[in-house]
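Visitor: Just so you know, the sequences run in chain order L and B. Residue 156 in the numbering used here sits at position 156 of the first sequence, and the numbers go up by one each step. Heads up, the numbering used here is the position in the second sequence plus 1000, with the first residue counted as 1.
Worth flagging that the hints you see were computed from the coordinates, not collected in a lab. Take the hints with a grain of salt, since some may be wrong.
[To be verified] Which bits of chain L does chain B cover? Going by a derived footprint, with three or more residues having C-beta under 8 angstroms, they are:
1. 119–129
2. 162–174
3. 181–188
[As the list claims (entries may be wrong)] Which residues of chain B face chain L? A partial, calculated answer using Cβ under 8 angstroms:
4. G1033
5. Y1034
6. P1045
7. P1047
8. L1054
9. T1113
10. R1116
11. G1120
12. H1146
13. A1148
14. S1175
15. V1182
16. W1209
17. A1214
18. L1228
19. A1242
What you are looking at is a predicted structure, and each value in this text was computed from that prediction instead of being measured. We put the beta carbon where it would ideally sit given N, CA and C, even for glycine.
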Amino acid sequence: MPPWGPSRSSAATKRAASGRLRGEIVDYILLGVVAGLAAVERKGFLQAMLSRPIVLAPAAGLLLGDLAGGLAVAPALELLWLGAVNLGAAVPVHEALGAAAIAGGAVLAGKALGTGVTPAVAVLAVVLCAPLALAGRKADRLVEQQNERLAARADALLERGDFRAAVRENLYGLAMPFAISAVLAPLGAAVSAAMVPAVLRHLPGAEGPLAAGWIAFTAFAAASAARAIRAPGAPVAFFAALAAGTIAILLAPGGVR
Amino acid sequence: MRIPPHTLVRVFWRCLFLQAAWNRRGMQNLGFGYAIDPALRVLYPEPERRKEALRRHLAFFNCHPYTAAAIVGGAIHHEERVASGEEPGGASQAYKATLQGPLAAIGDGFFWTALRPFFGALAALGTLLVGWPAVVAALVIYNAIHLALRIRLFRAGYLLGDALLGEVARLSLPSLAGLLRVGAAVLAGLSAAVVVSRGAMGPAGASAWIALLAAVLGYGALSRGARLLPAAYAVIALGAGAALAVVRLRGGP
């Protein structure tokens, strides 16, 4: 064995570590881009459900290499924020930013732990990143104020006879929503990726209770969805389906896994 | 003067950017001007007339982003007549002012509070049961409906002008919306049922009761005006605490 053997192996570890770091940086960039695009799709362009949590969370998971992890958090987030809709001039919570940060954070924390997205990982990611949906709403209000400048610039360009430039101001409005989500979603996910593994390693007994917390959260999210549907028959429909569905599933041979 | 079809396609594409620069003062005004501009370019070769027309369409506007396509179409319908001198310049403005409120109400009432929540809840339940194919299926069906209606509304606005509302009424969206809302509530209830029954089959059977309580108490709290995220944190804490208590009572690890 050559005398530089050990140092070579430490160089290999370093190389592996720097490769891992590069992989992580790529993960955060991908998450930022997908969160930014979702923020644009949500309001400024298209509105084809692509930025809803049920689509965005699996998409983020897929990009970060864990589709199953994204799918594990998607239904609860979709149901929780089913009522987050943009009616008239009202600004809803930023469900897309929240979903991107939570899904990204859960997947990256699951990777760091080597367990994937368990219920305990999912619930901790929700606890840490859900407030970003409120921060996103604040940012949206700011953006709407800033956009008045674009409108004023368009008016000025119109008076100068520069028609193309005047209407092109519209597209510049896409930049800020993109940037805000592209920065905040990876930041939130990074907090999850750092804190969730730390919590679960220090409190090994917390896994079970936290899993129960996740189940409670998902059931609550379904109730929040029913509550967000403003129809006279909604409460009856929700509770009847809950009762009938529970009985049917429990009595069904084999049940649901 | 008629707008060539490829220009109409361009305008429709630009309608998808209606809210790109949504602002407090003019709301979707910039988006509207951006969308209709290719048509104005064809109709008004003289800069002064084009400026006047574009100024009209950079005035306040707000509607639902899908149903607004009908108003963009209808505004072009009127601008063709304004350009040829059949109608006064204010005709397209009056059209927009009259229709934006009713069409916003129809769009919010059908797409935002019925169709999309229905497909969101359907995709959520489907994902709980079968995984990603449910997401793809819901996305494809939702967008087939959404894009078909968006294109149809744009065409109807352009071809029919003021008669557009009759076409919209024929779609009977409000009664469909009522059905979709009840359907969405059923799907939410079934999703909760799946969660409850999984809790029953998990290692700690107590999770089923915790889930059931979370759904019932959560609904009650939200009905009484509890805020969403604080209520969610309380539910998570209570759920985890209850599971911990059950483990302790059973003398487990």
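Visitor: Hint by hint, note whether the structure agrees.
Guide: Against the structure, the hints:
no., hint, result
1, 119–129, "holds (count 3)"
2, 162–174, "holds (count 11)"
3, 181–188, "violated (count 0)"
4, G1033, "holds (5 angstroms)"
5, Y1034, "holds (4 angstroms)"
6, P1045, "violated (12 angstroms)"
7, P1047, "holds (6 angstroms)"
8, L1054, "holds (6 angstroms)"
9, T1113, "holds (6 angstroms)"
10, R1116, "holds (6 angstroms)"
11, G1120, "holds (5 angstroms)"
12, H1146, "holds (7 angstroms)"
13, A1148, "violated (13 angstroms)"
14, S1175, "violated (12 angstroms)"
15, V1182, "holds (5 angstroms)"
16, W1209, "violated (10 angstroms)"
17, A1214, "holds (4 angstroms)"
18, L1228, "holds (6 angstroms)"
19, A1242, "holds (7 angstroms)"
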